[in-house]
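K.L.:
If you're matching them up, the sequences are chains G and Y in order.
The first sequence begins at 1 in this note's numbering and counts up one residue at a time.
The second sequence begins at 1 in this note's numbering and counts up one residue at a time.
What the hints contain is simulated information worked out from the structure, not anything from laboratory work.
Even for Gly, the Cβ is constructed at its ideal location relative to N, Cα and C.
Misleading hints may appear alongside valid ones.
[Stated by the list, open to error] Not the full set, but computed from the structure, chain Y residues with beta-carbon under 8 Å of chain G: (1) Gly24; (2) Pro25; (3) Asn46; (4) Leu55; (5) Gly61; (6) Lys77; (7) Lys86; (8) Glu90.
[Stated by the list, open to error] Within a straight-line C-alpha distance of at most 25 Å, the following computed DMTMM-like cross-link-like pairs (lysine to aspartate or glutamate) qualify: (9) Y:Lys56 to G:Glu26; (10) G:Lys92 to G:Glu65; (11) Y:Lys56 to G:Glu65; (12) Y:Lys77 to G:Asp23; (13) G:Lys612 to G:Asp533; (14) Y:Lys77 to G:Glu37; (15) Y:Lys77 to G:Glu340; (16) G:Lys92 to G:Asp38; (17) Y:Lys94 to Y:Glu66; (18) G:Lys17 to Y:Glu21; (19) Y:Lys56 to Y:Glu101; (20) Y:Lys77 to G:Glu69; (21) G:Lys284 to G:Asp320; (22) Y:Lys77 to G:Asp556; (23) Y:Lys77 to G:Asp320; (24) G:Lys64 to Y:Glu60; (25) G:Lys64 to Y:Glu101; (26) G:Lys64 to Y:Glu90; (27) Y:Lys56 to G:Asp556; (28) Y:Lys77 to G:Asp52; (29) Y:Lys56 to G:Glu61; (30) Y:Lys56 to G:Asp533; (31) Y:Lys56 to G:Glu69; (32) G:Lys17 to Y:Glu58.
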Amino acid sequence: MSWISVLAARLRGIFGKQRFETDLDEEVHFHLDMLIEDNLAAGMDPAEARYDALRRFGPVELMKEQYRERLGLAFMDALAQDIRYALRTLRKSRGFATTTVAVLALAIGANTAMFSVLNAVLIRPLPYRSPEQLAMLWTERPTQNIREGRSGYWNVEQWRNQSRTFADIAAFDPASVMLMTSAGAERVSLVRTSYNFFSLLGVHPARGRVFSVREQAERQHVALISHRFWLSHFGGSPAALGASIDLDGFPSRIVGVLPDGFAFPFMNADIWEPATTLPDWDAKRAVRGPGSWFVVGRLRPNVTLREAQAEMSTIAHRLDEHGPSLEEKSGISVVPLHLEVTGPRSRLSLWMLMGAVLTVLLIAATNVASLAVARNASREREIAIRIALGANRARIVRQLLTENLTLAAFAGVLGLAVAVAATDFVRMVQPEDVARLREVSVDARVLAATFLLSLLAGVLVGMAPAITATRQGGLLIGPEGGRNVAGGRASRRIRRGLIVTQFALAIVLLVGAGLFIRSLWSIENVQPGFRPDGILSVQMASPGSRPAAERAAVYDRILEQVASVPGVVSAGIIGDFFISGSPEQIVTTEGVDGVSQALRFRRDEVSADFFKTAGTPPC
Amino acid sequence: MAEKTDVWQGTLALMILRTLETMGPQHGYGIARRIEHTSGDRLLVNYGTLYPALLKLEQEGSIESEWGLSANNRRAKYYRISRAGKKQLERQIKEWEATTEILSRFLTREPA
Numbered sequence: 001m002s003w004i005s006v007l008a009a010r011l012r013g014i015f016g017k018q019r020f021e022t023d024l025d026e027e028v029h030f031h032l033d034m035l036i037e038d039n040l041a042a043g044m045d046p047a048e049a050r051y052d053a054l055r056r057f058g059p060v061e062l063m064k065e066q067y068r069e070r071l072g073l074a075f076m077d078a079l080a081q082d083i084r085y086a087l088r089t090l091r092k093s094r095g096f097a098t099t100t101v102a103v104l105a106l107a108i109g110a111n112t113a114m115f116s117v118l119n120a121v122l123i124r125p126l127p128y129r130s131p132e133q134l135a136m137l138w139t140e141r142p143t144q145n146i147r148e149g150r151s152g153y154w155n156v157e158q159w160r161n162q163s164r165t166f167a168d169i170a171a172f173d174p175a176s177v178m179l180m181t182s183a184g185a186e187r188v189s190l191v192r193t194s195y196n197f198f199s200l201l202g203v204h205p206a207r208g209r210v211f212s213v214r215e216q217a218e219r220q221h222v223a224l225i226s227h228r229f230w231l232s233h234f235g236g237s238p239a240a241l242g243a244s245i246d247l248d249g250f251p252s253r254i255v256g257v258l259p260d261g262f263a264f265p266f267m268n269a270d271i272w273e274p275a276t277t278l279p280d281w282d283a284k285r286a287v288r289g290p291g292s293w294f295v296v297g298r299l300r301p302n303v304t305l306r307e308a309q310a311e312m313s314t315i316a317h318r319l320d321e322h323g324p325s326l327e328e329k330s331g332i333s334v335v336p337l338h339l340e341v342t343g344p345r346s347r348l349s350l351w352m353l354m355g356a357v358l359t360v361l362l363i364a365a366t367n368v369a370s371l372a373v374a375r376n377a378s379r380e381r382e383i384a385i386r387i388a389l390g391a392n393r394a395r396i397v398r399q400l401l402t403e404n405l406t407l408a409a410f411a412g413v414l415g416l417a418v419a420v421a422a423t424d425f426v427r428m429v430q431p432e433d434v435a436r437l438r439e440v441s442v443d444a445r446v447l448a449a450t451f452l453l454s455l456l457a458g459v460l461v462g463m464a465p466a467i468t469a470t471r472q473g474g475l476l477i478g479p480e481g482g483r484n485v486a487g488g489r490a491s492r493r494i495r496r497g498l499i500v501t502q503f504a505l506a507i508v509l510l511v512g513a514g515l516f517i518r519s520l521w522s523i524e525n526v527q528p529g530f531r532p533d534g535i536l537s538v539q540m541a542s543p544g545s546r547p548a549a550e551r552a553a554v555y556d557r558i559l560e561q562v563a564s565v566p567g568v569v570s571a572g573i574i575g576d577f578f579i580s581g582s583p584e585q586i587v588t589t590e591g592v593d594g595v596s597q598a599l600r601f602r603r604d605e606v607s608a609d610f611f612k613t614a615g616t617p618p619c
Numbered sequence: 001m002a003e004k005t006d007v008w009q010g011t012l013a014l015m016i017l018r019t020l021e022t023m024g025p026q027h028g029y030g031i032a033r034r035i036e037h038t039s040g041d042r043l044l045v046n047y048g049t050l051y052p053a054l055l056k057l058e059q060e061g062s063i064e065s066e067w068g069l070s071a072n073n074r075r076a077k078y079y080r081i082s083r084a085g086k087k088q089l090e091r092q093i094k095e096w097e098a099t100t101e102i103l104s105r106f107l108t109r110e111p112a
């Protein structure tokens with residue numbers, strides 16, 4: 001007597017309803033006929049026989065009801081009936097239905113879109129093997145107020161050898177090099193990595209292989225290319241493997257192609273090389289303390305971040321003591337990778353946006369709810385009659401709720417369409433500051449979220465009218481009772497409450513929006529130190545490795561040609577417009593009073609007319 | 001004639017199964033008559049509960065149904081006990097015997 005077979009039988013009962021009905025009918029008829037026959041045989045006359053048979057059989061309809069109840073799942077039957085009724089009444093008030101569905105669809109769509117952004121950026125795990133074990137390791141330089149500084153290679157190797165909490169540690173360094181092709185010179189982004197970088201991440205090339213140990217030991221020039229590079233420069237042909245490309249004058253052999261979509265956060269490079277290809281590798285390798293390498297590590301299973309941080313701090317301390325004395329103490333800061341990727345500010349803004357969009361949904365729901373309450377006011381009479389006839393109040397509430405849930409279901413489907421369009425838009429626009437926006441899409445989690453949102457909307461909308469409609473009980477108050485469109489006192493009170501809620505929420509949103517706009521405005525109006533109007537900037541690939549005199553001659557020629565373009569008033573050259581690429585330098589001065597001061601600055605090269613062109617006011 | 005009592009709740013299923021086991025396939029009317037007959041006409045089968053009970057047994061898999069022709073050439077739905085139903089019957093009979101045995105210990109009147 002397993003409940004599964006009973007459930008299955010009942011489910012079957014729902015679908016074969018018609019057949020069961022006719023069968024039961026026939027069975028009952030047969031039974032009655034037999035009873036009548038018996039009676040006739042016992043000597044009754046036909047009318048009496050029939051009457052007696054019916055009496056003995058008992059109430060037929062009641063029996064059929066009992067039968068029907070056992071036949072299917074009672075609540076599914078009621079649900080189906082409610083939905084049919086809901087569709088009928090909605091078709092009658094088409095205006096209400098369209099408005100409601102439209103409003104809810106927009107709200108649900110916005111929420112779904114926002115949630116899919118949240119999903120892609122914050123919730124979905126990073127596309128590497130066991131991403132929760134990955135963390136970045138930074139060198140802290142407290143005197144320079146740097147919490148996340150890059151590290152020297154020697155340190156990285158020491159950390160790797162000494163750490164018990166990290167299973168593996170790898171280093172990588174972005175750069176840009178000149179690619180010489182038959183079409184000319186092209187600047188490409190490149191990342192140099194330690195040999196264990198890809199195995200640490202758990203990433204395998206789509207084609208070919210990673211660098212071999214021998215290739216790195218012999219400092220051969222080999223490279224891995226990104227999927228994008230493979231398509232653009234080799235047309236996706238398998239001939240790319242083994243082909244040679246000219247990077248900064250060195251021929252590099254391609255040994256593999258990385259999978260499509262692979263990007264280490266904030267490194268979207270085209271070419272990946274072993275660290276050993278650096279021309280000054282031996283020198284670089286010995287650099288202790290702060291350096292130029294980014295470091296990523298994989299924690300051992302079941303090791304917590306706190307344990308790892310504690311161990312690394314101890315190691316840092318040990319290295320400080322035994323290594324050559326540096327002027328400053330350094331520490332190691334361990335940051336989980338997913339935090340690194342999104343950054344605290346994006347997280348905050350995303351959650352705030354989600355909150356805003358939920359508020360919009362609440363506003364939409366209250367709006368629709370007040371519409372629903374007003375609509376129900378005109379049905380008060382119908383409902384009062386039903387209650388007077390003995391209808392179960394809970395059943396009526398359920399039916400009203402179903403009506404609104406049906407509306408919400410339609411809105412949900414429409415909202416999904418809105419959300420898909422919105423996510424496409426986000427993918428296209430891709431604001432720079434938020435990582436992983438490429439991955440925004442509508443997936444299973446998002447669909448589930450949509451479903452829940454629709455449910456929430458439906459319930460929110462349905463509660464108010466359901467309560468008001470049944471509260472009055474069966475009383476038709478006054479001569480107008482039930483015919484008054486605006487409804488009774490209770491429904492008026494609820495409607496007022498809904499309007500107040502809407503206003504309150506709308507004001508919250510407005511204030512929030514106002515604050516956002518104000519911050520945007522102040523950002524726009526920050527003084528950049530030059531006059532940006534009328535300035536065009538061009539990025540040039542520099543002939544970096546040539547002697548200074550040659551470079552100066554090239555720059556002069558370039559400036560001459562640019563200045564002679566009609567419409568150009570003046571031209572200048574600078575190494576990096578925002579002077580962020582070069583390392584910080586520190587000059588310590590010792591004053592006459594014995595107080596030493598440290599001056600921190602960055603330096604760059606400019607042509608003679610640069611500041612005049614940029615419009616930097618002289619100080 | 002002695003008072004006819006209504007068939008007790010819950011035992012109807014048991015009686016249906018037993019009837020089908022001894023009689024073989026039978027339609028609803030026949031089952032009811034047989035039950036009344038077996039009880040010596042002391043039990044009155046409420047036809048209203050008969051068909052829902054038959055449905056329940058069918059859903060649980062204890063009986064199976066099939067349309068056929070009755071003795072007087074009428075279309076009727078015939079029920080027969082299934083293998084699972086036979087096992088179920090066995091079990092319930094044993095339970096009943098145990099129950100009545102225990103109860104009789106309490107209720108037996110001491111010889112005066």
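K.L.:
Holds or violated: lysine 56 of chain Y with aspartate 556 of chain G, Cα cutoff 25 Å?
P.N.:
98 Å, violated
K.L.:
Taken at face value, is the distance from the CA of aspartate 320 of chain G to the CA of lysine 77 of chain Y at most 25 Å?
P.N.:
93 Å, violated
K.L.:
Is the Cα-Cα distance between lysine 284 of chain G and aspartate 320 of chain G 25 Å or less?
P.N.:
19 Å, holds
K.L.:
Could you grab the alpha-carbon distance between lysine 612 of chain G and aspartate 533 of chain G and see if it respects the 25 Å cut-off?
P.N.:
13 Å, holds
K.L.:
Closer than 8 Å between Cβ atoms is the bar; does glycine 24 of chain Y clear it against chain G? Give me holds or violated.
P.N.:
With Cβ-Cβ at 18 Å, over 8 Å, it is violated.
K.L.:
Is the hint on glycine 61 of chain Y kept, meaning its closest Cβ partner in chain G is under 8 Å away?
P.N.:
For glycine 61 of chain Y, the interface hint holds, since the closest Cβ of chain G sits about 5 Å away, which is under 8 Å.
K.L.:
Against the 25 Å threshold, does the CA-CA distance of lysine 77 of chain Y and glutamate 69 of chain G hold or violate the hint?
P.N.:
This hinted pair holds, its Cα atoms lying about 20 Å apart.
K.L.:
Does aspartate 38 of chain G sit within 25 Å of lysine 92 of chain G, going by the straight-line distance between their CA atoms?
P.N.:
Answer violated: lysine 92 of chain G to aspartate 38 of chain G is near 54 Å, above 25 Å.
K.L.:
What's the verdict on lysine 17 of chain G and glutamate 58 of chain Y, does the C-alpha distance respect the 25 Å limit or exceed it?
P.N.:
16 Å, holds
K.L.:
Between lysine 92 of chain G and glutamate 65 of chain G, is the straight-line Cα distance small enough, at 25 Å or below?
P.N.:
The given pair, whose Cα atoms are some 31 Å apart, is violated under the 25 Å limit.
K.L.:
Holds or violated: lysine 17 of chain G and glutamate 21 of chain Y, Cα atoms, limit 25 Å.
P.N.:
Since the Cα atoms of lysine 17 of chain G and glutamate 21 of chain Y sit roughly 29 Å apart, the hinted pair is violated (cutoff 25 Å).
K.L.:
Holds or violated: is there a CB of chain G closer than 8 Å to the CB of asparagine 46 of chain Y?
P.N.:
Given a least distance of 7 Å, the restraint on asparagine 46 of chain Y holds.
Checked against the numbered hints given earlier, the structure breaks hints 1, 2, 7, 8, 10, 15, 16, 17, 18, 19, 22, 23, 25, 26, 27 and 30 and satisfies all the rest.
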